[in-house]
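Spelled out from the first residue to the last, the chains are:
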Amino acid sequence: MAGALVAACAPAVPGPASGGAAPAAEKVTLNVWWFEDPIHTAMIKTYSDSHPTVDVNPTAIGDIVFGDQKYLTAVAGGTGPDAAVQNRHTFLQFAAKNLYQDVTPWMDSSGIARKDFTPVQIEESTWDGKVYGLPMFTDVRYLFWNTEHFEEVGLDPTKPPTTWDELASYTDLLNVKNGDEMERYGFVPYLWGNSWMWLYGFLNRAPAISADKRTILADDPAWVATLEWMVDFYQKYVGDFETTNAFSQSITSTGLADPFHAGKASMSATGDWVVGDLLRIPDIQWDAAPMPVPNGGTQATWSCGYSVVMAAASQHRDEAWDFMQWAATEPGWEAKAAATLADVEAYWTREQIEGEPQYWPQQACYLPALTMLQEKYVSKLGEREQRTWAMGIDALENWTHGCGTEMGVAALEYWVEMDNAARSALALKVSPEEAMMTCKTKVQEATDRAWAAIDSKT
Amino acid sequence: MTASTYSKSAPWYQTLRGREAISFYLFILPWIIGFIVFTLGPIIASLGLSFTDYDIMLPPAFVGVDNYREMAADPLVYTSLYNTVYIVIFAVPLGMITAFGLALLLNQKVSFMAGYRTAYFIPSIVPAVASAALWLYLLQPQWGLVNAFLESFGLPGPGWLSSEVWSKPAIILILIWGTGGTMIIYLAGLQDIPLSLYEAAEIDGANDWNKFWRVTLPLMTPVIFFTLVLGIIGTFQIFAQIFVLTDGMGGPQNSTLVYVMYLYRNAFNFFRMGYASAMAWILFVLILILTWVQFRFASRWVYYESESADS
Numbered sequence: 001m002a003g004a005l006v007a008a009c010a011p012a013v014p015g016p017a018s019g020g021a022a023p024a025a026e027k028v029t030l031n032v033w034w035f036e037d038p039i040h041t042a043m044i045k046t047y048s049d050s051h052p053t054v055d056v057n058p059t060a061i062g063d064i065v066f067g068d069q070k071y072l073t074a075v076a077g078g079t080g081p082d083a084a085v086q087n088r089h090t091f092l093q094f095a096a097k098n099l100y101q102d103v104t105p106w107m108d109s110s111g112i113a114r115k116d117f118t119p120v121q122i123e124e125s126t127w128d129g130k131v132y133g134l135p136m137f138t139d140v141r142y143l144f145w146n147t148e149h150f151e152e153v154g155l156d157p158t159k160p161p162t163t164w165d166e167l168a169s170y171t172d173l174l175n176v177k178n179g180d181e182m183e184r185y186g187f188v189p190y191l192w193g194n195s196w197m198w199l200y201g202f203l204n205r206a207p208a209i210s211a212d213k214r215t216i217l218a219d220d221p222a223w224v225a226t227l228e229w230m231v232d233f234y235q236k237y238v239g240d241f242e243t244t245n246a247f248s249q250s251i252t253s254t255g256l257a258d259p260f261h262a263g264k265a266s267m268s269a270t271g272d273w274v275v276g277d278l279l280r281i282p283d284i285q286w287d288a289a290p291m292p293v294p295n296g297g298t299q300a301t302w303s304c305g306y307s308v309v310m311a312a313a314s315q316h317r318d319e320a321w322d323f324m325q326w327a328a329t330e331p332g333w334e335a336k337a338a339a340t341l342a343d344v345e346a347y348w349t350r351e352q353i354e355g356e357p358q359y360w361p362q363q364a365c366y367l368p369a370l371t372m373l374q375e376k377y378v379s380k381l382g383e384r385e386q387r388t389w390a391m392g393i394d395a396l397e398n399w400t401h402g403c404g405t406e407m408g409v410a411a412l413e414y415w416v417e418m419d420n421a422a423r424s425a426l427a428l429k430v431s432p433e434e435a436m437m438t439c440k441t442k443v444q445e446a447t448d449r450a451w452a453a454i455d456s457k458t
Numbered sequence: 001m002t003a004s005t006y007s008k009s010a011p012w013y014q015t016l017r018g019r020e021a022i023s024f025y026l027f028i029l030p031w032i033i034g035f036i037v038f039t040l041g042p043i044i045a046s047l048g049l050s051f052t053d054y055d056i057m058l059p060p061a062f063v064g065v066d067n068y069r070e071m072a073a074d075p076l077v078y079t080s081l082y083n084t085v086y087i088v089i090f091a092v093p094l095g096m097i098t099a100f101g102l103a104l105l106l107n108q109k110v111s112f113m114a115g116y117r118t119a120y121f122i123p124s125i126v127p128a129v130a131s132a133a134l135w136l137y138l139l140q141p142q143w144g145l146v147n148a149f150l151e152s153f154g155l156p157g158p159g160w161l162s163s164e165v166w167s168k169p170a171i172i173l174i175l176i177w178g179t180g181g182t183m184i185i186y187l188a189g190l191q192d193i194p195l196s197l198y199e200a201a202e203i204d205g206a207n208d209w210n211k212f213w214r215v216t217l218p219l220m221t222p223v224i225f226f227t228l229v230l231g232i233i234g235t236f237q238i239f240a241q242i243f244v245l246t247d248g249m250g251g252p253q254n255s256t257l258v259y260v261m262y263l264y265r266n267a268f269n270f271f272r273m274g275y276a277s278a279m280a281w282i283l284f285v286l287i288l289i290l291t292w293v294q295f296r297f298a299s300r301w302v303y304y305e306s307e308s309a310d311s
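Top line first, the protein sequences correspond to chains A and B.
1 is the number of the first residue of the first sequence in the numbering used here; add one for each residue after it.
1 is the number of the first residue of the second sequence in the numbering used here; add one for each residue after it.
None of these hints come from the bench; they were simulated from the model.
Hints are supplied without guarantee of correctness; some may be wrong.
[What the hints assert, rightly or not] A few chain A positions that, by computed beta-carbon distances, are all more than 10 Å from chain B:
#1 His40
#2 Gln69
#3 Leu99
#4 Asp102
#5 Thr104
#6 Asp108
#7 Trp196
#8 Asn420
#9 Ala427
[Stated by the list, open to error] With the C-beta cut set under 8 Å, the calculated list includes, among others, these residues of chain A facing chain B:
#10 Val54
#11 Thr73
#12 Arg280
Glycine residues also receive a C-beta, built at the ideal position from the N, C-alpha and C atoms.
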C-alpha cells in the first residue's frame with residue numbers, strides 16, 4: 001500500500017534512469033510473489049534496475065509444493081499479486097479453477113512461442129489449449145552411484161546397473177552390515193533421494209491418468225506390481241522401513257541432504273540438482289546414468305519445477321507479462337546465473353574448497369536460455385557433468401513425464417494418496433494391492449469432484 | 001440515593017444507571033464489533049458452509065448432510081480423532097501432575113525462588129514453532145540430547161518422531177515441557193490458601209501428608225477443575241507444534257495426524273472448505289459434550305468454599 005502511494009505521488013520529472021529515452025511515466029508498482037532466497041531476490045533487483053518505470057515489490061510466496069493457501073485465498077478474495085511463481089505439480093488443478101490469467105494473447109503478440117519451451121513443461125502450463133503461465137525451470141531424476149563404493153566391492157565403476165535385477169544384485173553387494181545393523185545401504189528406493197513411487201511406476205510403464213484426465217489409473221496392475229517389487233526389495237535388501245527412515249533422518253539433521261551425500265548410500269535415485277551439491281563435496285566420487293529398467297519396462301523419469309503466472313486480478317497486466325517474459329527467458333536466466341555463480345564462488349572461498357568454483361545451473365525450460373546456460377557455464381565443467389547435462393536434455397526432449405500432466409486436476413490428493421499407499425505397504429500394514437486400490441478410490445473421488453466443478457462452469 | 005429520586009423524572013439515558021450503561025456499551029463496542037465480524041460471523045458462516053461443497057473459487061453448492069455422511073466413512077477422521085484423544089488422555093493429566101508438583105516445589109521458602117519460577121515458566125512463553133524446532137534437535141534419534149541421556153543409563157533411545165510408536169509420546173513430552181502456564185495458575189492457587197487452615201491442622205496434630213491431602217488438595221480442586229477443562233479444550237485443538245515437527249504431514253504413517261491438522265489439510269491443501277467446516281463443527285460438539293460432562297460431575301469432587309459455608 002505504501003509503495004502504491006509513493007508511486008502515485010512520484011514526481012513526473014524524469015529521474016536519473018539508465019534507459020533515459022522516454023520520459024518517465026507514472027511509476028507502476030508490480031506486486032510479485034516470489035522465492036525469497038538471495039538468488040531470486042537478486043533477480044528482482046536486476047529487473048528493477050533495468051526497468052526504471054516499474055517498482056517491483058517482492059513478497060515471499062510461502063509453501064507452494066503442498067498447495068498454495070496464500071495465493072488461492074488472495075485470488076479468491078479478488079486481490080493477490082500481479083505475478084507469482086507456482087509449482088507445476090498443481091498447475092492444472094489451479095488453472096482449471098481460474099486461479100491464473102490466460103496469457104495466450106500476450107504470448108501471441110510477443111516474440112516467444114510455445115515451441116521455444118521444453119515440450120513437457122509448456123504442456124503442463126497449458127489448460128484447454130490456452131497457456132496459463134511460462135515455465136521457468138525444471139528437473140530430471142537419474143541414478144547416481146558412488147564409484148569408490150563400486151570399486152571397493154569389485155564392480156566396474158563405469159557400469160551402473162541397467163535392469164532391476166542388476167539393481168538388486170548390486171545393492172546386495174554394496175550393503176555393508178555390522179551384525180544386524182546396516183552401516184551402509186546399497187540402494188533405498190522411494191524413501192531416500194527424490195524418486196517417490198512415480199519414478200518406479202513410470203519405469204514399469206504404469207499409467208497414472210487417462211488422456212482426458214478424468215480417470216485415475218492407480219489401480220492398474222503395473223502400479224500394484226511396482227509396489228510389490230518395492231516391498232520385496234525392502235524385505236530382501238533394505239530392511240525395516242522405520243529403521244531406514246530413522247537412519248536417513250539422523251543424516252539429514254546434520255545438514256547433509258541425503259545418506260548418499262554422506263557416503264552412507266552407494267546408489268541414489270534423485271534429481272539433477274544433486275550434481276550442484278555433490279560438486280561441493282569433492283570427497284564423494286560419483287557418476288550418473290538413467291535409472292535401471294525392469295523387464296518389459298521402459299526408460300523413463302519425471303520432472304517438476306516452477307512456472308511464472310499472472311494473477312487474474314492484476315491491474316498491471318502488461319507489466320506483469322513483461323516481468324514473466326523477462327524471468328522465463330535469457331535476461332532473467334543471465335541474472336539468475338550471475339547471482340548463483342557469485343553464491344558458488346563465495347561458498348568455495350568460505351569452505352576453502354580446492355580448485356575452481358563449479359556452478360551447475362538449473363535446467364531452464366526456455367530453450368534458448370537452456371542453450372545459453374550450456375554454452376556459457378556447463379561447457380566449463382568436467383566431462384562427467386557435461387555428460388549428465390546432455391542426459392538431462394535428452395530426457396526433457398524424449399523420456400520424461402511431467403508431474404503436473406500426470407496428476408491431473410486433483411494433483412494434491414494424488415500426491416498425498418500415492419505417498420500414503422507406498423508408505424503403508426512398505427510398513428507392511430496393507431498389501432500393495434489394497435494400498436493402490438485405496439489410492440485409486442480416494443483420488444478418483446477428488447478428481448470427480450474437481451471435474452463436476454469444471455463441467456458446471458462450461 | 002439522589003439518583004433514584006432524580007430518575008423518576010429524567011429519561012433513562014440521563015439517569016446514572018443509563019449513562020453508565022451507555023458508557024459500558026461504548027467502551028466494549030470495539031470488542032463486540034470485532035467479535036461479531038471476526039468470530040461470531042465466521043462461526044455461523046462455517047455452520048452454513050458445512051452443508052455445502054465449497055472450493056473458494058466457485059460459489060458454495062448445497063449438498064445437504066453429505067459432508068457429515070462422508071466424515072462418518074472417512075478412515076482418516078477416525079485415525080486423526082484417535083491420535084488426538086491419545087494425546088489428550090496422556091498429555092492433559094501428566095501435564096497437570098507435573099505442573100502441580102512443580103507448583104508445590106516452587107511454593108517453598110528458599111532463596112533464588114524467583115529465579116526458579118522464571119526458569120520453569122520460560123518454556124511456556126517460547127512460541128510453539130520455536131519450541132518445535134528445538135525439540136526436533138533434542139529428539140533426533142542418533143545425536144539428540146534425549147537419547148544421549150537415555151543411553152547414559154544404558155537405555156536404548158527410540159526413533160521418536162521417525163517412529164510410528166514413539167511419535168505420539170514425543171508430542172506428549174513436548175506438551176508437558178510447556179506446562180508452565182498451568183504451573184503459574186496452581187502457584188497462585190496455592191498461595192491463596194489461608195495459612196490459618198494449616199495452623200489449625202497442625203494444632204489438630206496433622207502431619208505434612210495430612211495437610212496436603214486434607215487442606216491443600218481440597219482447596220485446590222476448583223483450580224484443578226479449571227485447568228482440566230481448559231487443558232482438554234486446548235489439547236483437542238493441538239496443531240502448530242505437530243505441524244512444524246512433521247512438515248505438515250502428520251507422519252510417520254499418519255501417527256501424528258491430529259484432528260485439526262486433518263481439518264487444515266482438507267481446507268487449505270485440498271480446498272474442501274465445506275468438509276473442513278463440517279469437521280470443525282463435529283469437533284465443537286465433541287468438546288461441548290466433554291465440557292458439559294465435566295461440569296456435570298464437577299460437584300462430586302470440586303470443593304467451593306462459598307457453597308460449603310451454606311451447608
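Open item on the list: Of the numbered hints stated earlier in the document, which are not met by this structure?
Closed with: 2, 3, 8, 9, 10 and 12
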